[in-house]
Amino acid sequence: MKTQFPRETLVRALEYETDERLLIEAAQRDPLRFAELYESNFERVYAFVAYRVRDREEAQDLTAEIFHQALASIQRFEWQGKPFAAWLLSIAAKVLADRWQRLGKRQEVPSDDLEEAAIESVVEQRAILFQLVDALPPDQRHVIIRRFVDQRSVREISQELGRSEGAVKQLQFRALQTLRGHMRSTYV
Amino acid sequence: MSSPGLIEQLDSGIDVLFTDPEVAIPNVDASLAELLGIAAELRSLPRPDFRSRLKVSLMDSAVAVSGLGGPKVMASAVIGSRSFSRGLAHHAKEQILPTLFGAGAGTYAVRRSNFAVSVLAHAVALILITSSGFWIQRHHEQRVQTLTLIEPNVSEYLALDASKSAAGGGGGGDHDKLQASQGHLPKRSPEQFVPPEVMIRNDNPKITVEPTVVVPPQVNLANNRLPNLGDPRSTVAGPPSNGIGYGSGIGSGAGLGVGSGADGGVGAGIGGGYGGGIFTVGGGVRAPRAIYKPDPEYSPEARQAKYQGTVVLSLIVRPDGTAHGLRVVRSLGMGLDEKAIEAVQQWRFEPARKDGKPVAVAVEVEVNFHLF
Numbered sequence: 016m017k018t019q020f021p022r023e024t025l026v027r028a029l030e031y032e033t034d035e036r037l038l039i040e041a042a043q044r045d046p047l048r049f050a051e052l053y054e055s056n057f058e059r060v061y062a063f064v065a066y067r068v069r070d071r072e073e074a075q076d077l078t079a080e081i082f083h084q085a086l087a088s089i090q091r092f093e094w095q096g097k098p099f100a101a102w103l104l105s106i107a108a109k110v111l112a113d114r115w116q117r118l119g120k121r122q123e124v125p126s127d128d129l130e131e132a133a134i135e136s137v138v139e140q141r142a143i144l145f146q147l148v149d150a151l152p153p154d155q156r157h158v159i160i161r162r163f164v165d166q167r168s169v170r171e172i173s174q175e176l177g178r179s180e181g182a183v184k185q186l187q188f189r190a191l192q193t194l195r196g197h198m199r200s201t202y203v
Numbered sequence: 006m007s008s009p010g011l012i013e014q015l016d017s018g019i020d021v022l023f024t025d026p027e028v029a030i031p032n033v034d035a036s037l038a039e040l041l042g043i044a045a046e047l048r049s050l051p052r053p054d055f056r057s058r059l060k061v062s063l064m065d066s067a068v069a070v071s072g073l074g075g076p077k078v079m080a081s082a083v084i085g086s087r088s089f090s091r092g093l094a095h096h097a098k099e100q101i102l103p104t105l106f107g108a109g110a111g112t113y114a115v116r117r118s119n120f121a122v123s124v125l126a127h128a129v130a131l132i133l134i135t136s137s138g139f140w141i142q143r144h145h146e147q148r149v150q151t152l153t154l155i156e157p158n159v160s161e162y163l164a165l166d167a168s169k170s171a172a173g174g175g176g177g178g179d180h181d182k183l184q185a186s187q188g189h190l191p192k193r194s195p196e197q198f199v200p201p202e203v204m205i206r207n208d209n210p211k212i213t214v215e216p217t218v219v220v221p222p223q224v225n226l227a228n229n230r231l232p233n234l235g236d237p238r239s240t241v242a243g244p245p246s247n248g249i250g251y252g253s254g255i256g257s258g259a260g261l262g263v264g265s266g267a268d269g270g271v272g273a274g275i276g277g278g279y280g281g282g283i284f285t286v287g288g289g290v291r292a293p294r295a296i297y298k299p300d301p302e303y304s305p306e307a308r309q310a311k312y313q314g315t316v317v318l319s320l321i322v323r324p325d326g327t328a329h330g331l332r333v334v335r336s337l338g339m340g341l342d343e344k345a346i347e348a349v350q351q352w353r354f355e356p357a358r359k360d361g362k363p364v365a366v367a368v369e370v371e372v373n374f375h376l377f
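Quick note, the sequences are listed as chains A and B, same order.
In terms of the working numbering, the numbers along the first sequence are unbroken and rise by one, the last being 203.
In terms of the working numbering, the numbers along the second sequence are unbroken and rise by one, the last being 377.
Because the hints were derived from the structure by calculation, they are not lab data.
Note that the structure is a prediction, hence the values are computed from the model and not measured.
Some clues are possibly wrong.
Distance condition first, Cα-Cα at most 30 Å in a straight line; then the derived DSS-like pairs of lysine-lysine [as the list claims (entries may be wrong)]:
id, chain 1, residue 1, chain 2, residue 2
1, A, Lys-109, A, Lys-97
2, B, Lys-362, B, Lys-298
3, A, Lys-109, B, Lys-60
4, B, Lys-60, B, Lys-211
5, B, Lys-362, B, Lys-192
6, A, Lys-97, B, Lys-60
Interface residues of chain A toward chain B, partial, derived using beta-carbon atoms under 7 Å [to be verified]:
id, residue
7, Leu-47
8, Gln-75
9, Arg-195
10, Gly-196
Heads up, the beta-carbon is just placed ideally off N, CA and C, and yes, glycines get one too.
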């Protein structure tokens, strides 16, 4: 039985594929054009790595290595109809495997397709979440960055901002609510 | 709606997440649990500047690749990325280059001795620049004094009529091994179309013209009655020969005349005519006129001694207007003779003319050196 997709969905998918292919060809001609591919795939690659590596600094190092390898081998990329992100994630998987090998640890491998799909979903949600943080109002974004990236206490942040602890907690609460709202609208 | 209790519970739950990353989200209200889930995800949020700094790093590598095209460069960029994040932690505080007062310490060592040497070097450079300015100013004053003291002057060119008769010469030959044979001179003519030859090399000329030598018609030449053409002064009776010279005339000279000279005349001189020299002014030869006369310089010793006088030079003005064969007739010394020769060598003349045609002529010129 043949699956029927809505017409507008097919058109959008074709446009995306064409745009991405053009971007890749441009980057193969001029490596400076790789910046556009980087911008559109950064969160996905970082989320993929951060899911498997708990330490933020190490996740950043590995992400940097993955993109540098991708830039170095962009000339060898051959378009086969798959998204560019899939190629990037294959590089990421290899970099992570090397990392496990260096550390002498065994890599956690999904037991079945269902688990792999679940992981992909989590990674996708996390990538979107990271993007949404940049879209927060400045004061809410500041509180989120200081609280979750720099792991500052509410008291420290309140002293930095010159506001009460209650106000900072309120900003933190509203920021998380805003993110939840956007996530829901994205997935509904 | 947010209540103070809910906000406090959320913050407490976040504190727990930080304390133990592996802990499960506590059993709280469903909406709160959802917020805590988002908070748990945010623990791996990248540093806000990481994205932009990585982009800059990638673009640097891209520039290196597109500029140098070297796989080595790219490989080093990949290796360098391994410590990318750790480098970021310090990068904000570091400068790429060391500053004068050591900002960015840790990147490069700051040595006080280097600072002292730099200050000293700049001070010396400043002193040199300042003192050189004073020196140049003093030197400039001296030069002004020298220029106002001395002003060389050259009198008008004066051509001397040395002779009332025309003189000149000519010669030729065709590289024969024998000296030119004796014979009579060809017809005299102010113009020459065909040079004289004893041995005719071209038996079938397209135009037959009588050979001539360039000698003024008023000059009577000693001749003989020999039947063949030749050099009347030759002592060789035969066999017939054009001589060892070159230029198609007769004799040992160079040119189209007869004799040992050069040009189309007869004898040992140059410039046509007859005799042992060149034309001099007079006898139908109009004097040359100097049309370009750069001033001579004063020699330093003559200037210092305030020495003045006139140098007389003899020279030959060629048909092209240039001066050659300069010789000092009356010397002044103190380097002024050489300065006069240097100047007159650069002079250009409207050449002397005989019968309307430029000819070489010997003249004498006076070069005056005068201080005032």
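Do the hints match the structure? See the list:
Distance restraint check for Lys-109 of chain A and Lys-97 of chain A: the Cα-Cα separation of roughly 18 Å lies within the 30 Å cut-off, and the hinted pair is therefore satisfied. A hinted pair counts as satisfied when its Cα atoms are at most 30 Å apart, and Lys-362 of chain B with Lys-298 of chain B qualifies at roughly 23 Å. With a CA separation close to 21 Å, the supplied pair Lys-109 of chain A and Lys-60 of chain B stays within the 30 Å bound. A distance of roughly 91 Å separates the Cα atoms of Lys-60 of chain B and Lys-211 of chain B; the hinted pair therefore is violated under the 30 Å criterion.
With a CA separation close to 19 Å, the supplied pair Lys-362 of chain B and Lys-192 of chain B stays within the 30 Å bound. Between the alpha carbons of Lys-97 of chain A and Lys-60 of chain B the distance comes to roughly 24 Å, so the proposed pair stays at or under 30 Å and holds. The beta carbon of Leu-47 of chain A is positioned within 7 Å of a beta carbon in chain B (closest approach about 5 Å), and the interface hint is therefore held. The interface hint given for Gln-75 of chain A is met, as the beta carbon of that residue sits about 4 Å from the closest beta carbon of chain B, less than 7 Å.
Interface restraint check: Arg-195 of chain A against chain B, minimum CB-CB distance 6 Å, threshold 7 Å, status holds. Taken as an interface hint, Gly-196 of chain A does not check out: its beta carbon lies about 11 Å from the nearest beta carbon of chain B, beyond 7 Å.
Taken one by one, the earlier hints fail for this structure at numbers 4 and 10, listed in ascending order.
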